[in-house]
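Novice: Sequence order for the protein chains is A and B.
Residue numbering for the first sequence follows this note's numbering, starting at 216 and increasing by one per position.
Residue numbering for the second sequence follows this note's numbering, starting at -4 and increasing by one per position.
If you are wondering where the hints come from, they were derived from the structure by calculation, not from laboratory data.
The model shown is predicted, which means the values in this text are computed figures rather than measured ones.
Quick reminder that beta carbons are idealized off the backbone N, C-alpha and C, glycines included.
Honestly, I wouldn't trust all of these hints.
[Said to hold, decoys possible] In silico EDC-like cross-links for lysine to aspartate or glutamate, where the CA-CA straight-line distance does not exceed 20 Å: (1) B/52 x B/81; (2) A/294 x B/98; (3) A/260 x B/81.
[What the hints assert, rightly or not] Computed, partial: chain B to chain A, Cβ under 10 Å: (4) 34; (5) 37; (6) 47; (7) 51; (8) 60; (9) 64; (10) 97; (11) 108.
These are the residues of each chain, in order.
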Amino acid sequence: RKEVEQDPGPFNVPEGATVAFNCTYSNSASQSFFWYRQDCRKEPKLLMSVYSSGNEDGRFTAQLNRASQYISLLIRDSKLSDSATYLCVVLLNDMRFGAGTRLTVKP
Amino acid sequence: EPEVTQTPSHQVTQMGQEVILRCVPISNHLYFYWYRQILGQKVEFLVSFYNNEISEKSEIFDDQFSVERPDGSNFTLKIRSTKLEDSAMYFCASSESLAGGYEQYFGPGTRLTVT
Chain A
216 RKEVEQDPGP FNVPEGATVA FNCTYSNSAS QSFFWYRQDC RKEPKLLMSV
266 YSSGNEDGRF TAQLNRASQY ISLLIRDSKL SDSATYLCVV LLNDMRFGAG
316 TRLTVKP
Chain B
-4 EPEVTQTPSH QVTQMGQEVI LRCVPISNHL YFYWYRQILG QKVEFLVSFY
46 NNEISEKSEI FDDQFSVERP DGSNFTLKIR STKLEDSAMY FCASSESLAG
96 GYEQYFGPGT RLTVT
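This is chain A alone, in the form it adopts within the complex (with noise of 0.2 Å):
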């Protein structure tokens, strides 16, 4: 089993939708857990950080199921400015990142 897996993709999504992107880890001792997306051949940027709680920044919510070892991302509303590739990022001793889910959203 991968150390973090994501939704193989690509989404393909219109302007307004709402598109959700799931993650799964198989270390039960990882110990925090965060959304990047990184642009075509750029740097990954921090979206945010993913608390057991749940948390919303704007149109993003992220979710973590620590028993399920499960951690998801809800995008409202899309713009094209979303385009891009989602990672699924988790802290052990180092941060293991997923391969990325694509999201290419069309006028």
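Could you slot chain B onto chain A? The hints should help.
Specialist: Chain B in isolation, oriented as in the chain A frame:
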């Protein structure tokens, strides 16, 4: 907004040569990291550095690699005797703390091409 900077943006080198990739972390950050991303693949952790010593390193970070903080601002990754498979994007990152919840901020990367 403070940011991590990296130089050069692109480095081309011949197989067997040594390269030094440079990073200036965010000034009040204490933890520094190097990652690599081979084209089309996931981001992979190489090494973390704190208080002038390596905290963690991955199996990728073998004797070919070394890191250094030569002064109060720079953080470098040296690759000795580069191989073709070292061609990748190398990202530097920094964080205030290693503890859970402290996010890492990435620099724009150095694209290393080994020919």
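Novice: Now tell me if each hint is right for this structure.
Specialist: Hint by hint, here is what the structure shows:
1. B/52 x B/81: Given pair residue 52 of chain B, residue 81 of chain B holds - Cα atoms ~17 Å apart, limit 20 Å.
2. A/294 x B/98: 25 Å, violated
3. A/260 x B/81: 23 Å, violated
4. 34: Holds. Min distance 9 Å.
5. 37: Holds. Min distance 5 Å.
6. 47: Because about 18 Å separates residue 47 of chain B from the closest Cβ in chain A, which is outside the 10 Å limit, the hint is violated.
7. 51: Residue 51 of chain B check passes; min Cβ-Cβ to chain A is 5 Å, inside 10 Å.
8. 60: Nearest chain A Cβ about 15 Å off; hint violated.
9. 64: 18 Å, violated
10. 97: 8 Å, holds
11. 108: At 13 Å from the nearest chain A Cβ, residue 108 of chain B fails the 10 Å test, so the hint is violated.
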